[in-house]
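Engineer: Below, each chain spelled out in residue letters.
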Amino acid sequence: MAKRGPAAVAICSTAFAALGRAQATALGYPELPIAVIPHPFGSRTRDEVRQLAEQCIGEIVRLVCEAGPRDSSVVPNRSSLTERAALIKVPGDLDGLYSLFRERHWGDGLPVVPPTTERVERMLCHSHRAATEVVATVAPGFGAATIERIAANAVLAGCDPEYLPVLIAAVEAVAEPRFNLQGIQVTTNPAAPWLIVNGPIGKRLGVNSGVNCLGQGTCANATLGRALRLILQNIGGALPGEMDRATQGQPGKYTFCCAENEEMNPWEPLHVERGFAPECSAITVVGGASGTLNMNTHAKDADDLLRVIADTMAHPTSNDYWTGGEPWLVLAPEHAEILKRAGLSKSDVKRRLWEQSKMPAGRMAAKDRLRTGDARRAELGEIGPDTMLPISTQPELIGIVVAGGPGTHSVYVPTYGNSRSVTRKVVCNA
Amino acid sequence: MVGTVLIFDPTAPCQNEPKHLPPTLDDLRDKVVGFIDNSKPNFDNLVEDLAELLRSRYGASRIIKRRKRLSSHPAPEAMIKELSEQCDVVITGSGD
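In the order they appear, the protein sequences are chains A and B.
Numbered according to our numbering, the first sequence terminates at residue 430, and the numbering increases by one at each position without gaps.
Numbered according to our numbering, the second sequence terminates at residue 96, and the numbering increases by one at each position without gaps.
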């Protein structure tokens, strides 16, 4: 018999069957047989699982032996990687336009700016790359993010034309395999990409790095993060409730963007730490899981400050401890100054926090400790209740930026865990 | 009076060409069945029970079970290659 690979069947619980079907189609296997079992599945007792196996074995065998693919129904995709974005005629009044966008699920629920040909062309002047050039195909739907489509979504979000290069770099960054966009887009976790801007472009575009930099009120922060979200949803196909399966999501899914406060940073800025020249502009994307957790402390002593930050990082429901992740901190300039004055480098701070935030695995729920054992056995050996879990596999993986204005508030950004941040140069040549 | 304007469609069609899956089997007698355990809670138990039923009731000759380190990462290439080469059918899970 000719080697054609094995037959395949997927098992999904009812809540995830639509995702399974959409994902199989997006990956090019619309005919993949899927056996559906009742949801929730993970919390069933051992006996209940045995009964479920009895109930679904007949269906699985039927799918393997009878209901699998036949040779006729696959329709070739008409699109090509070089095609132009489609132009459509829409109502000229805002009410009509908003209803059309709502109907087609093209937005985030807020009013949008119509991506007219004039607006998109004005934005395209800010990149030397061809309008049809594909920057990346975006998981989980694998639509092609061409320069033109990135620009259309940037207009939609309300971006100024000169923001385009930042978004091109952001799309390149989220598409890097180590970012694990596939996981971030479809997970039940609230994960959202956090976009950090470094270098001169931050000032030039007016990206807020100071007072309320992760809050409302600045066009660049509001619309850059929003545009990235719209790209992930419109081009990547992660529609809420369909491919995007977030249990609750988080406000950062509307926008999550700031610049680093390089002037008040006593250490090297993030992009320099990652090998870029200080005069270079760069963006970093982080798979932030829970927005930000405020850490208000009047500690004036470096040891005291590190102790309370490390204590805040250690929590038993964290994906970072489960997977060996990449937690992030946004240090207030005043807190960074205390650490610097104590003679600590950024690398020293990371090592101290890594050591002091180790957490006994016994603080986790029993099931979570078991899956931590699966995920980190190669790194840590067998994991028992007394095993001290580091938050990341190495101290260097703790991310630190300095941002914000005056005040005693630093913030902790727990992450999706199964993701690594990516920094990319922003190329401006217009 | 309301006119119309021309705008760009912000969405993008899927770039992955649809592919055919290998055809179905006649039955499972003397066949090798592979499982990719997605490492979600309880899936290992389901795999154990299904494997037993496939052997005892449907005549599968051999079961190969492999487990992913993390549910949210794709199965490693080596695991896919091994199962592709050795199995007549591969069963996996998605979601919770």
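A portion of the hints provided could be inaccurate.
List of simulated lysine-lysine pairs, DSS-like, C-alpha gap at most 27 Å [stated by the list, open to error]:
1) LYS425/A / LYS350/A
2) LYS425/A / LYS203/A
3) LYS340/A / LYS350/A
4) LYS65/B / LYS358/A
5) LYS340/A / LYS300/A
6) LYS340/A / LYS367/A
7) LYS19/B / LYS367/A
8) LYS367/A / LYS40/B
9) LYS300/A / LYS367/A
The hints are simulated quantities; they were obtained by calculation from the structure and are not laboratory data.
Engineer: When the hints from earlier in the document are held up against this structure, which numbers fail?
Structural biologist: 4, 6, 7 and 9
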